[in-house]
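Visitor: Please build the complete structure, drawing on both the sequences and the hints.
These protein sequences, in sequence, are chains V and W.
Its first residue numbered 1, the first sequence is counted upward by one per residue in this note's numbering.
Its first residue numbered 1001, the second sequence is counted upward by one per residue in this note's numbering.
Keep in mind the hints are simulated off the structure, nothing from the lab.
All values derive from a computational prediction rather than experimental measurement.
C-beta: ideal position from N, C-alpha, C; glycine also.
Errors might be hidden in some of the hints.
Some chain W residues near chain V, calculated using beta-carbon distances under 8 angstroms [stated by the list, open to error]:
hint	residue
1	Glu-1072
2	Asn-1237
3	Gly-1239
4	Val-1257
5	Arg-1354
Heads up, simulated DSS-like pairs for lysine-lysine below, C-alpha to C-alpha not over 25 angstroms straight-line [what the hints assert, rightly or not]:
hint	chain 1	residue 1	chain 2	residue 2
6	V	Lys-130	W	Lys-1314
7	W	Lys-1267	W	Lys-1301
8	W	Lys-1198	W	Lys-1157
9	W	Lys-1267	W	Lys-1198
10	W	Lys-1073	V	Lys-130
11	V	Lys-70	W	Lys-1321
12	W	Lys-1073	V	Lys-70
13	V	Lys-181	W	Lys-1073
14	W	Lys-1267	W	Lys-1256
15	W	Lys-1256	V	Lys-2
16	W	Lys-1301	W	Lys-1256
17	V	Lys-75	V	Lys-102
18	W	Lys-1301	W	Lys-1161
19	V	Lys-75	V	Lys-130
20	W	Lys-1256	W	Lys-1073
Non-contacting residues of chain W with respect to chain V, defined by C-beta distances greater than 10 angstroms in every case (computed) [said to hold, decoys possible]:
hint	residue
21	Pro-1085
22	Asp-1191
23	Lys-1312
24	Glu-1324
25	Glu-1335
26	Leu-1369
27	Val-1373
28	Asp-1391
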Amino acid sequence: MKTVEEIRAAIEAALPGAGVEIVPNPSVSGQHSLRLRPSSAVEVAKFLRDDEELALDFLSNATGVDWPDKEVTEKVKVTRTVRKTVDGVEQTAEEAVEETRKRVEPGCLEAVYHLFSVARGHGPVVIRMKTVNRTDQVELPSLTPIWRSAEFQEREIFDLYGIVFSGHPDLRRLLMWEGFKDHPMRRDYVEPDDFEYEPTAHDDVLKRAVAHQAKQLEAAGTAAGAAGVGAGVAAGREGTGAGA
Amino acid sequence: MSTSGFVPEKDKREGWNRPPVIEPDGEGELLEVAMGPHHPSTHGVFRMDVALDGERVIRLRPVFGYLHRNHEKIAEGISYLGSMPFTDRLDYLCPLTNNWAYALAVEKLTGQAVPERAEYLRVIVGELTRVQNHASSIGFLIQEMGASGTPLMYAFKAREKILDLFEELTGARMMCNYMRFGGCRVDATADWLAATRKVVEGLPEFADEFERLLRGNEILMARTQGVGILRPELAVNAGVTGPMLRASGVNYDIRKVDGYGVYNRFKFRVPLGDHWDVFDRFMIRLLEMRESIKILEQALKEIPGGPVMDAKAKLRGFRPKPGEAYGRIESPKGELGFYLISDGGPNPYRYRVRPPSLINLTVLEDMALGQNVADVVLIFGSVDIILGEVDR
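Guide: Structure representation (structure tokens):
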């Protein structure tokens, strides 16, 4: 089988300006991947499928990966102008200082596809695409029109990661129910507090149930309701007091 | 003509390799039926929303997620080894091949070697798994045809013997948790190998009997031949794998293509269908059982001595170097793959199961359109799915 470099050269020869990058894989598996530019991904995918030598007619696995925003701390050497008094004379001098800076590396969502060839029996060729960010620009082109096997898998990525595949014929949630809001496979996903609000004998569940009830009443916009909770609790205390 | 509910006025799915459009004949009303989630033929909780024109299926929409527990998210929160018992619960008819696929993916990620005896043991338990899976899947298929119980019990006769072997070797009949990164958890005793040889000796007779009972049955032939045809081009494009793909006449068996483990040492053939229908899928499973028995005979004859765990294999404090790997095997259902990304920590950064059961269902609608509603149950049964793996 061709190496990723050769595949990249073949793509560039057939589709100049496709902008395919190689993403090296440091693991011993040696499965390096090709990063496609979303704007040209469908043409490149079509080429990979229809090229006689590659003949990647079988999309085996499609999945998402979440790369959240990362705070990177790095030490930078900066030259600063410092005023100094040397022997009673004021001077300005340049001095190299080490500074610690923090910057936020923006995160992204990634779709990864593993391609094989049934006709030629080789593979895998790994292709991946990146969204611009994780919040509002999460659109990627769908590869379902090229490989039908992406149909359910892209629906699953949309469901669990929130990547919107434009051109997908039937983009709905696959595993979670309709009306579910969040994307559970994201790294920063937090379970809703009413996930299991039915009180059980466990303290933390009971605590969450009380918090949830208060929140519900607050959401209903009844100040009286919120007061009612307080009054109820107070009444309960009084009740026990009176009983004792 | 009523088009309420999910049958859209205009199909949005135009301009791709979509299922064909079946036009209603214009008389009467369409009937929308939810088959499942508790229909006995769905092997678990799975729903098919079907639109019927008389008895013909006009539209079919599978609904997933009833058994979703986010297996992948759980795996990202625990160590690599911690996921091994959970893989048993994906396709709970074939726990050992699930173990194998996961172990293989991690071994690809770390470059871990596996001793020869462990590779042979993996082949033996893997092929035993295939025999019992195919036998019971045929049993379930016949059950769905209306032959209540009896054929399934014949299948379970063989399955019980194999599960007893699993229990003796691993301590559990179904949740085996047997493989480790770099080998197998325990070695097989000479007694176990002798018992396995005895069971394998009896398997050809079981296969003959099973085949005689079913193959010539007129009702079975009438119900399955020419039903649920799947074209090979579509099968490849839709990522269908396993016996389903080979019943459509495509010669693609990962045991041959990748030759993982020690499979290239064994002589076996890949049976292919040429009518691409439900009957072919049923026959391919019967024939694959016979090929598995051949592999078992060879493996049991050739199994070498030695350790079953690589001496350098690390179980505690296991931290693969950063990188990623995709490993796959030919499980009884199709291509079972695991995709792992490591960031150098003790837990996988990304853990993905490529579930053959889910992806084989992509073509369910294509196969069912235009067929009778009673045949949908059969077509669905011929895909051979386990919901634990579909919904994960």
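Visitor: Each of the hints needs a verdict: does it hold here or not?
Guide: Structure-based check of each hint:
1. Glu-1072: holds (7 angstroms)
2. Asn-1237: With a closest approach of 5 angstroms, the W:Asn-1237 hint holds.
3. Gly-1239: holds (2 angstroms)
4. Val-1257: holds (5 angstroms)
5. Arg-1354: holds (4 angstroms)
6. V:Lys-130 with W:Lys-1314: Between V:Lys-130 and W:Lys-1314 the Cα gap is close to 34 angstroms, so the pair fails against 25 angstroms, i.e. violated.
7. W:Lys-1267 with W:Lys-1301: holds (13 angstroms)
8. W:Lys-1198 with W:Lys-1157: holds (15 angstroms)
9. W:Lys-1267 with W:Lys-1198: holds (21 angstroms)
10. W:Lys-1073 with V:Lys-130: holds (21 angstroms)
11. V:Lys-70 with W:Lys-1321: holds (20 angstroms)
12. W:Lys-1073 with V:Lys-70: holds (20 angstroms)
13. V:Lys-181 with W:Lys-1073: Holds, at roughly 17 angstroms.
14. W:Lys-1267 with W:Lys-1256: holds (10 angstroms)
15. W:Lys-1256 with V:Lys-2: Given pair W:Lys-1256, V:Lys-2 holds - Cα atoms ~20 angstroms apart, limit 25 angstroms.
16. W:Lys-1301 with W:Lys-1256: holds (21 angstroms)
17. V:Lys-75 with V:Lys-102: holds (9 angstroms)
18. W:Lys-1301 with W:Lys-1161: With a Cα-Cα distance of about 20 angstroms, the restraint between W:Lys-1301 and W:Lys-1161 holds, given a limit of 25 angstroms.
19. V:Lys-75 with V:Lys-130: Distance ~28 angstroms between V:Lys-75 and V:Lys-130 Cα, so the pair is violated.
20. W:Lys-1256 with W:Lys-1073: Outside the cut-off at roughly 32 angstroms; violated.
21. Pro-1085: holds (21 angstroms)
22. Asp-1191: W:Asp-1191 clear of chain V: closest Cβ-Cβ about 38 angstroms, beyond 10 angstroms.
23. Lys-1312: holds (14 angstroms)
24. Glu-1324: violated (6 angstroms)
25. Glu-1335: Check fails; 6 angstroms does not lie beyond 10 angstroms.
26. Leu-1369: Non-interface label stands for W:Leu-1369: nearest chain V Cβ at 15 angstroms, farther than 10 angstroms.
27. Val-1373: The claim holds: W:Val-1373 sits with its nearest Cβ about 22 angstroms from chain V, beyond 10 angstroms.
28. Asp-1391: violated (6 angstroms)
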